Amino acid sequence: MSEILIKNGFVFDPLNNINGEKMDIAIKSGKIVEKVSSKAKVIDASHMIVMPGGVDIHSHIAGSKVNSGRVLRPEDHVKDYEVKTKVTRSGVGYSVPSTFTTGYRYAKMGYTTVFEPATPPLKTRHTHEELRDTPIIDKGCFPLLGNNWFIMEYLKEGKLEECAAYVSWLLNAVKGYAIKIVNPGGTEAWGWGKGISHLDEEVPYFNVTPREIVRWLCKINNILNLPHPIHIHTNNLGKPGNYVTTIETMDAVKDLSKNGKVSIHITHVQFNGFAGTSWLNLASGAPEIANYINKNTHVEIDIGQVIFSDTTTMTADGPFQYILYLLSREKWVNADVEAETGAGIVPFRYKKSNYVNAIQWGIGLELALLIKDPWKVHMTTDHPNGGPFTHYPKVIAWLMSKKARERIINKINKNAKRRLDLPGIDREYTPYEIAIITRAATAKSLGLKNKGHLGTGADADIAIYDLDYEKLNPSEDYKLIKKAFKQAAYTIKNGEIVAKNGEIVASPKGKIYWVNSKVSDDIQKVMLENLKTKFEEYYTVKMENYIINESYLHDSFMLNVQSEV
Amino acid sequence: MKFKLVTGRSLQQGAGKEAGKLSKEYFNNVAVCEFDPDDMETLNISPGENVVVKTKFGEVVLKAVKSMQAPHKGIIFIPYGPWANLVTDPETHGSGMPNFKGIEAEVLPAKEEKILTLKEVLEKISGGK
Amino acid sequence: MEKTIYNVVCTVCGCCCDDLEVKVKDGKIIDVKNACAVSLSKFQNYSNEERIVKPMIKENGEFKEYSFDEAIEKASKILAEAEYPLIYGLSLTSTEAVGKAVELAEVLGGVIDNTTSVCHGPSLIGVHDIGVVTCTLGEVKNRADLIIYWASNPVFSHPRHLARYTVFSKGKFRKERKERKLVVVDVRKTATAKLADMFIQVAPNQDYELLSALRMAVKGEEIYLDEVAGVPTSKIEELADLMISCEFGILFFGLGLTMSLGKSRNIDAALSLVRDLNERTKFLIMPMRGHYNVTGANEVIAWQTGYPFAVDFTQGYPRYNPGETTTIEILTRGECDAALIIGSDPAAHFPVSAVKHLMKIPVITVDPHKNATTLISTIVIPTAITGIESGGTIYRMDGVPLECKKLVEPPLGVKSDEEILTEILTNVKKFKE
Amino acid sequence: MSELTLTLKKELIVPIDASIISPTNLAGKTVGEIENLELWRGNRKVKLNEVFHVEGKSEDEEENLIVRLIGDFSKARGLGFKMKKGTLIIDGNTGLRLGEKMKGGLIKVNGNAGSWLGSEMSGGTIEVEGGAGDFVGAGYRGGKEGMRGGKIVIKGKCGAEAGAWMSNGVIKIYGDSGIFPGMHMKGGTIFIKGNCEGRAGAEMKDGKIVILGHLPSVLPSFDIEEIRASVKVEEEKISGPFYLFTGDINEEGIGKLYVSVDSNSQLKFWEKFLESVI
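Residue numbers (the working numbering), protein chains in the order written: chain Z, 212 to 776; chain R, 47 to 175; chain P, -5 to 427; chain H, 1235 to 1512.
It is worth saying that the hints were derived from the structure and are not from the lab. These numbers come from a predicted model, not from an experiment. In this text, a Cβ means the ideal position worked out from N, Cα and C, and glycines have one as well. Every clue listed holds true.
Coverage of chain H stretches by chain P, computed from C-beta distances (three or more under 8 Å per stretch; other residues unrestricted):
| no. | segment |
| --- | --- |
| 1 | 1246 to 1258 |
| 2 | 1273 to 1287 |
| 3 | 1411 to 1419 |
Negatives, chain P to chain H, calculated, CB over 10 Å:
| no. | residue |
| --- | --- |
| 4 | Ile23 |
| 5 | Ile51 |
| 6 | Asn54 |
| 7 | Glu67 |
| 8 | Glu173 |
| 9 | Ser239 |
| 10 | Lys409 |
| 11 | Lys424 |
Distance windows between CB atoms, simulated:
| no. | chain 1 | residue 1 | chain 2 | residue 2 | range |
| --- | --- | --- | --- | --- | --- |
| 12 | Z | Asn436 | P | Lys71 | 55 to 61 Å |
| 13 | R | Glu150 | Z | Asn565 | 49 to 55 Å |
| 14 | R | Lys165 | H | Asn1270 | 49 to 55 Å |
| 15 | H | Lys1281 | R | Met47 | 58 to 64 Å |
| 16 | P | Lys71 | H | Glu1267 | 34 to 40 Å |
| 17 | Z | Lys660 | P | Phe425 | 42 to 48 Å |
| 18 | R | Glu150 | P | Gly55 | 35 to 41 Å |
| 19 | P | Lys27 | R | Lys112 | 29 to 35 Å |
| 20 | Z | Thr744 | P | Ser228 | 45 to 51 Å |
| 21 | P | Ser228 | Z | Leu538 | 32 to 38 Å |
| 22 | H | Glu1363 | R | Glu158 | 44 to 50 Å |
| 23 | Z | Pro634 | H | Glu1267 | 50 to 56 Å |
| 24 | H | Glu1363 | P | Asp191 | 53 to 59 Å |
Let the sequences and hints guide you as you build the complete structure.
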């Protein structure tokens, strides 16, 4: 493999405490090395910023829900398409891009790893087929377990170890990466058209509460030593006043933090950070949530920032999407999945003039600006729910420059402007902090040892942005920042230059990451014995056909994890 | 006598197509027209006799059989296949889908006429009007 | 040497039953358990005298046998030189093969379409405007107390549907037949209607009027007319009450809606009816997709191009407009100048004016068996039968993905759809350079 | 005024993308420049003069330019795409999406037009001597945005779903209309002088449909309001009497469907519901 030497760039590598030093980065055979021979290809990165490749912790890019979103919106695709080139396949955008376009557009922005955060285990074979057709980036997916019938029944019967063995078997069976929980118990109630409104309400027929489900899966996450904490979309999403549920959910697992590690990742908190009691007096719950997170060590979040644009909302939270349909009377897709979960899709347009949308826009930024420790914050738009991932450069500019925020603040709904604290917040993110919330913290949280940093031995996934750190005055030059992050000067994946100034020059296949969780043989044998009969009763497929073997992933990366059980 | 023609799947057509599209079994299963028993009486044709079905788009000779899914007076049913499509309507109204069901049709007895073989059907299409 | 392969996925209809047991002896299938009549017919006849084992090219009216490479080379040349080539079929093969066909269509600058456009294409067009409120079949098995089959006759088209997934299945919350109500709406008293608790006979080409009246009844609006589409208003109101008062209702619909007058707008009405019912109870809808992987073909074409079928690559990027880019119109307008047909029989299933154009242009057919289309083709290339002689991913009518396995070897020298398409792709790329 | 004439060199076999051909795109160019413009023929990019003979003059301002097309253009798609000003005359039949997203100017077709005539149009006028296909003035799939302005006049008949998702503008059909005129209509006016195949105004939200000829039945999701002596269509008063139906109730629609009383004796029974309404 070829050698590359990136010279004189301003390097930002928070995991190795490098904050803008001018230094060289050497690459050989896809890895970062100490030094390279004189034959190495040289990239002159002077006057440019060098960062690890972007790592996106939460972006709906693949699977049955995303594909239903694609089929729902031909009018979204017709206005944003990519013509084929010598190197790239053609495709469409805008809010639900086709798989090839997804890979290329992330690579152009310097992103090299993306995780699909919601896959129904029964349909994960579909998710993997789409991930296989998503070029360049490394990727993985989080199976949805928060409404799983077996888990709720193990919980009711108090069989923690057997349930841990089941979760371990399931992650293996579908080649998933982490435990995802969406509206725990609520989506199961939606199986009957009903809902759950607070943490201690019982799920019909299963008689367990969301609080119990969250604690149960948090314990199992610890028992199995999974690399990423439980990734949870809390109850009451999109309901005024729901920030209380969000804080209660965080607090519910405060005592379960294993040797000081984070025990819960709350996703797209903007949608779960609503204060007020109705749409009319909706307010931001970000200050309270930030306050709680600043005082505790067991919680981390991703923000789910809103972009003022038309997009397509899609979540496994069937009941919430129905509410959004009733509000908007837009087209509506609902797709419940037997014994596991659900999904809902509704096209949506966020407008500056709309009071609620403007408050939502403010909540996302307030969260990022009020939470002091950037290692607890991950930048997402919950693509495409808050807005397409192609708008990340805007969010970066808003976080780095108060002036960039003000340009928007002066255009949003006046009442919303008055109610938000955002206009009064002066904090501006530094490039170092941006590197944390878009790659370093994310790689760490996902337990990806070789990602998100530029230390020797790391994968040579690198992004070079045309920003002269010495001359840069972020609060003024927000336009420059936006332009630079929109099209990386160079994106390097696995030691190969894949994109240059917004053009894809190579299209290698990325790897699919999954966790190979191991439990002791006897506990697994007991679990499988009991599971077999019930499996055939609850599902319409045979257990053997539920299991996906590793070869199916084509290019897979197995992360071995040993459990306590 | 005026009818509404419906073409569709039948169990024998399903099994027949798997048996082979040139097979005798497939021919026997799809070169047929199912009638409501009362309609057969008014037309005074008996099961096993041949009839000709005419629409604005063509005509086809088929074996008349008694429908097991009556009553459906005024409706005749021909299983999907080359014979049915000699009389179906190609109009899609911009939907991609031709009219396979609900086509105005006329039926006349045709005891002496022969049912075309598949090859003859294809020759009729290539050479025909 | 004899062995039994368990949990085999059937590759005939959209049920994709995955509990078949196939006994193989000396490379031949000798017995199949749990298969329905149609499936059994496939397993018994897949290698009969109509099986094609050698590629053939027609020269002045007669087919002559050629080697695989010669046939591939000639086919690739025809397709590469065409200015508006059409690729059609793709519902009786794996998603991996369909993915290759998409890449081929893109390299050729042609149109790719699958049998959806003459099956449930109108259903997808309806979804573009209204959306769809649906679920997987296990939700029906476990929860449904009201099951409606509208313009669909599963006893013939999906023989094990009722037993595995609906009225005769045993689920967590519904153990016996009497806990469920079966309603059938059709123009004929079909075999399925004979099993129903309530049968509603709708006049042909008037499903839209009936659906419109049913939507009124569900909204509690008064229907002035005393009869709609041949159905007494009292019966319509009775069905509406049944739908409102159930705990979990499901409406399965078939080609009687997509193929009769109104087409995609009949689906508009059905999708809207079920959507509105969710303001009163839990109600869902599901199209009875015909072939075992027509759904999978839509899925892979959609994730690779953004659109589910009928995709035009002539300008180097995907364009979609049913009525403009769908197969029947491209044929009846006489626009395509070459066609590649994979695992389908359009000469048997298209109206005359569409077949007429097929007879005027070079046609390459990839199929295991002789059929009407191979008879009118220029080049015929044999292929392995997916689900028996080659494996791959397929998608059930409710979108659940399954992997079908290779049970026996294909005839000597016969390759799989995916391999054939890959060979054509490599050859076409060479021509295009 | 200056006139540019394009004559088809030979019969089209594969379709061409003719969206370049409009006064807006051709004005101010020399014949030589026009001949060198490129368009798609199937999957090949070809020069305009490989498909057309180009004669005449077009250096004039857009609004004073007449572009005349001679030949059978039924396989030419998107003629007059996004046209703003000027005149486009076609002596012959035209293909799909003629006048798509048209903003202004005049298109005249001395023949039949294909489907999606004036799709998503916002201004200008299209006159067709013959008939038109389906989706006159309709919108793109999933887009819910049909014609927003302008006027379409069809002397002959038209296909299904004329005016689907239309929100403004006028469509006049002097012949018969296919099924579902005014499907999902949100505003604007559809006038049908001939007969209508049925299901007029299905799922309409608003707008006005006037049918002088025979309409087999009215959907059960419509109410009969009253019998009107006449109705105004584009400032012209058309004498009735007309049954006035409103709907589609299933979409909480307040659309107005005027159906001639004299040509629809089969709708007489609706009159008994008039008493119950008052």
